[in-house]
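**Q** With the hints as a guide, bring the two chains together.
Order-wise, the sequence lines are chains A and B.
Sequential numbering of the first sequence, starting at -17, is according to this note's numbering.
Sequential numbering of the second sequence, starting at 5, is according to this note's numbering.
These aren't lab readings, by the way, just hints derived from the structure by calculation.
Keep in mind that the hints are not guaranteed to be accurate.
[Stated by the list, open to error] Computed spacing ranges between beta-carbons, pair by pair:
1) 155(A) <-> 58(B): 35 to 45 Å
2) 113(A) <-> 216(B): 33 to 43 Å
3) 113(A) <-> 218(B): 43 to 53 Å
4) 216(B) <-> 95(A): 51 to 61 Å
5) 16(A) <-> 111(B): 22 to 32 Å
6) 129(A) <-> 111(B): 32 to 42 Å
7) 55(B) <-> 50(A): 40 to 50 Å
8) 57(B) <-> 157(A): 38 to 48 Å
9) 141(A) <-> 208(B): 46 to 56 Å
10) 93(A) <-> 200(B): 51 to 61 Å
11) -1(A) <-> 85(B): 52 to 62 Å
[What the hints assert, rightly or not] To spell it out: a stretch of chain A is covered by chain B in this simulated footprint if at least three of its residues, at any positions, have a beta carbon under 8 Å from a beta carbon of chain B; those stretches are:
12) 19 to 31
13) 40 to 49
14) 122 to 128
If you're wondering where the values come from, they're calculated on a predicted model, not measured in any experiment.
Beta carbons are placed, not taken as given, at the ideal position from N, Cα and C, and that holds for glycine.
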Amino acid sequence: MARVVGLPKPLADAVGAIGDERTLVAGTGEHRVAPFLEITQADWEATVAGIREAFRAARDAAAELVEQGQPGRLIFVSTAAALRPVQGACLAATAGAFFHTLAQVAAIELAAEGVTANVVAPGFVSDDRFVESTPAGRAPEPSDVADVCAFLASDAASFVTGAVIPVDGGFSISKSGGGSPLLR
Amino acid sequence: MRLAGRVALVTGASHERGIGRGIALALAAEGADVACCDIGFLDAGEQLADEIRALGRQSTFAACDVSDRTSVDALIEQVERDLGPLDIAVSNAGTAGWESFTEITDESFDRIVGVNLTGAFNVGQSSAQAMVRSGHGGRIVFTSSVHVQMGFPSMAIYGSTKQALRAMAETMAIELAQFEITVNHIGPGWVKSQLNDSSPGLQTKADEEATLKLIPIPRASEAIEQGYAVVYLCSPEAEYVTGEFLRVDGGFVVGKF
Chain A
-17 MARVVGLPKP
-7 LADAVGAIGD
3 ERTLVAGTGE
13 HRVAPFLEIT
23 QADWEATVAG
33 IREAFRAARD
43 AAAELVEQGQ
53 PGRLIFVSTA
63 AALRPVQGAC
73 LAATAGAFFH
83 TLAQVAAIEL
93 AAEGVTANVV
103 APGFVSDDRF
113 VESTPAGRAP
123 EPSDVADVCA
133 FLASDAASFV
143 TGAVIPVDGG
153 FSISKSGGGS
163 PLLR
Chain B
5 MRLAGRVALV
15 TGASHERGIG
25 RGIALALAAE
35 GADVACCDIG
45 FLDAGEQLAD
55 EIRALGRQST
65 FAACDVSDRT
75 SVDALIEQVE
85 RDLGPLDIAV
95 SNAGTAGWES
105 FTEITDESFD
115 RIVGVNLTGA
125 FNVGQSSAQA
135 MVRSGHGGRI
145 VFTSSVHVQM
155 GFPSMAIYGS
165 TKQALRAMAE
175 TMAIELAQFE
185 ITVNHIGPGW
195 VKSQLNDSSP
205 GLQTKADEEA
215 TLKLIPIPRA
225 SEAIEQGYAV
235 VYLCSPEAEY
245 VTGEFLRVDG
255 GFVVGKF
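Here chain B stands alone, though its shape is the one from the complex (with noise of 0.2 Å):
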């Protein structure tokens, strides 16, 4: 087991269709203890933490909203009180809109925001004060997206917060490499998620098979498969990657054709 005895935190870890949920649990079955949270789907984060201490890690869940700075402050003193001192932190939460260039709303902007970046921005910084704190260095991953790399019409807002994640990762990973923090992101393509539901691409049948046409390896990712990513940004092995960005997207970037 590579993450034996280290402590982990997974936002956005509930919806049982979701990145975050694939995460959590490969990091438990690697040996991590997992500290879970969303904002949302309440009942499955706490189920989700059961299935955790049925694999014989420690684990918790807590409603959190990301975007809110003091909730994430108190979010990570707890999963030190209960677990003890954070050594990963994934920033996996996320939400998404669908709307022409023209027509994005205030609102939708600010919601977009909101969670994408600064949420992310809260999680990262906390959790970096926190392993600076410990002094035994840490992993922080991103949840970015294929986006950084390929623009998607209607998508403005969603693939601009992954972009602007993409280079705050970049320059976290130079500032903290002092600390024996190593910070990457991942690029999951297509994952059948709860955020993909209100996709207007992703409709039918028709929609989906048109999708699978644009990824050489014809499927839809399994959630499981971004946590096999985070797992190995996570271990010894990666110990000298930073900065980085690994997709995880079956081709989907580099294949047009």
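So here's chain A without its partners, still in its complex pose (with noise of 0.2 Å):
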């Protein structure tokens, strides 16, 4: 089984069901939904907080890797907010975005071990409010996003390194208007 940090449970059950102990999938916990001009001091510390708990996790997990000799997975959960901007959604974005840069400089210096390090970055999981700016036509689940953890923690993904892949139904390459619905 993986070892799970930072991700709300349904997703944490889900993604936790896969891989092995040479597999870590993090998360940068939960952020509040706001209007960037009214995040808080604190709001901000507990981004700051939940990517550095990720962050800790992944390094750790690597050097243990690392000097034990196996090859293993690093998997960062993202978020598709990360790629397209959503109002209200500033804080999410912000530490999703974080991993992207920080799994590819790992891809890069942990490929000779045969570490791999990857992002997925679902759409709102389970959220129906964006169904409609979705061309899937429904929100992701937590198994979508399990599955395709699933495959990078496979030995089929060893040659995949450094990739960020949408898990979101098309939601971050297609345009939606009339105001987020973080905000209504």
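**A** This is the structure we're talking about:
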């Protein structure tokens, strides 16, 4: 079973069932939805704390794998809002995007050790408010995210590293207007 | 002069080879009054303010730790008292570190995130709040990096803060458009700034020659060239440009071979 940090329960349960102890799945915790101008210092500090916790987990997992001479998988869970911005989701987008480059640099440094580092960027999981702006016509479910994580954790993905994979039914590649449902 | 009568703030402005100084001088050359701040190199900061005043502009210099929100709010209040309502905010202060991924210390993480990301949030939000209060719109520009589009080994936290900044700037852009505030970021390539002095890959002449082989326009950027990009983003010509990333990198990112 994969080690999981920083994911809300339904998602943690789904991705916790994939991979093995050489797989780490790291999210950045939950972030307040708020207009940028209304984000408080406490909100910001909570977001930085979420980033810090996931970074530490990834660094320590990578060090352990390298020390043991084991191949392994680092999988970071970002958000589609880090690919296409969404009003009200600044904190989640900022935290998620942090891991795009973190994964890419880790991928470069750890490739020779057989450790891959990738990112999945889900849409708003189980949130029906975004269905109209999702080409696939439904909200992503935890199992959608877990399926991609399972691929990245598998031997079949041993040559996939530094990738940022949207798991969002096309949400981040399509345009919608009328204001963010997060702020209605 | 495209920025005559505008009031600008530039953070991380002091060092004589720094990008911030190039930005401050470029803004002043186009007519802006410029408030400068930095956490260090205080004498150089005062000299920069003198240099800007010699151009016929108003200028101030203040010491400020951008990672401390109280200090940032106080700085912006002081700038508005001294120079008038803030029109342009350039969040440029940054720091870096070089460590392998598995050896990055908690202290290093906190230092780089504190300045590059929390500092950018503090300056970005406090500036935006001031601009909304004034009701005159404004321009916010962040100094991000080519790291947004290109991974550099041993610089995981630095690059990650810049990528996070990219997403923050994009979200700010779509939220603040209603207040006539644009938000953009520039992507400097190699500048021989103080930030790069301790780069392990830039210690010898041979290191520099190897770096130049990676850059289609084979030279380092002058700091003032970064300033020219900021002037454009703050000019009337860029009124319709927001959420954008403007690389000034001599083709560094697009040229792999």
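**Q** Taking the Cβ atom of residue 141(A) and the Cβ atom of residue 208(B), is their distance within the range 46 to 56 Å?
**A** violated (35 Å)
**Q** Check the following: the C-beta atoms of residue 55(B) and residue 50(A) are separated by a distance inside 40 to 50 Å.
**A** violated (57 Å)
**Q** Taking a Cβ-to-Cβ distance below 8 Å as contact, does the stretch 122 to 128 of chain A have at least three residues touching chain B?
**A** Since 0 is below three, the answer is violated.
**Q** For the range 35 to 45 Å, tell me whether the beta carbons of residue 155(A) and residue 58(B) fit it or not.
**A** Given about 51 Å between the Cβ atoms, the range is violated.
**Q** Tell me if chain B covers the stretch 19 to 31 of chain A under the three-residue, 8 Å CB rule, please?
**A** holds (count 5)
**Q** Does the Cβ pair residue -1(A), residue 85(B) satisfy 52 to 62 Å?
**A** holds (59 Å)
**Q** Are residue 16(A) and residue 111(B) spaced within 22 to 32 Å by their CB atoms?
**A** holds (30 Å)
**Q** May I ask you to test the hint 33 to 43 Å on the CB atoms belonging to residue 113(A) and residue 216(B)?
**A** violated (51 Å)
**Q** Between residue 216(B) and residue 95(A), is the Cβ distance one that fits in 51 to 61 Å?
**A** violated (30 Å)
**Q** Against chain B, does the stretch 40 to 49 of chain A show at least 3 residues with beta-carbon separation below 8 Å?
**A** holds (count 4)
**Q** At the C-beta level, are residue 129(A) and residue 111(B) separated by a distance inside 32 to 42 Å?
**A** With Cβ atoms ~38 Å apart, the hint holds.
**Q** Please test the hint of 38 to 48 Å on the beta carbon pair from residue 57(B) and residue 157(A).
**A** Because 47 Å falls inside the window, the suggested range holds.
In terms of the numbered hints stated before, the structure departs from hints 1, 2, 4, 7, 9, 10 and 14, listed from lowest to highest.
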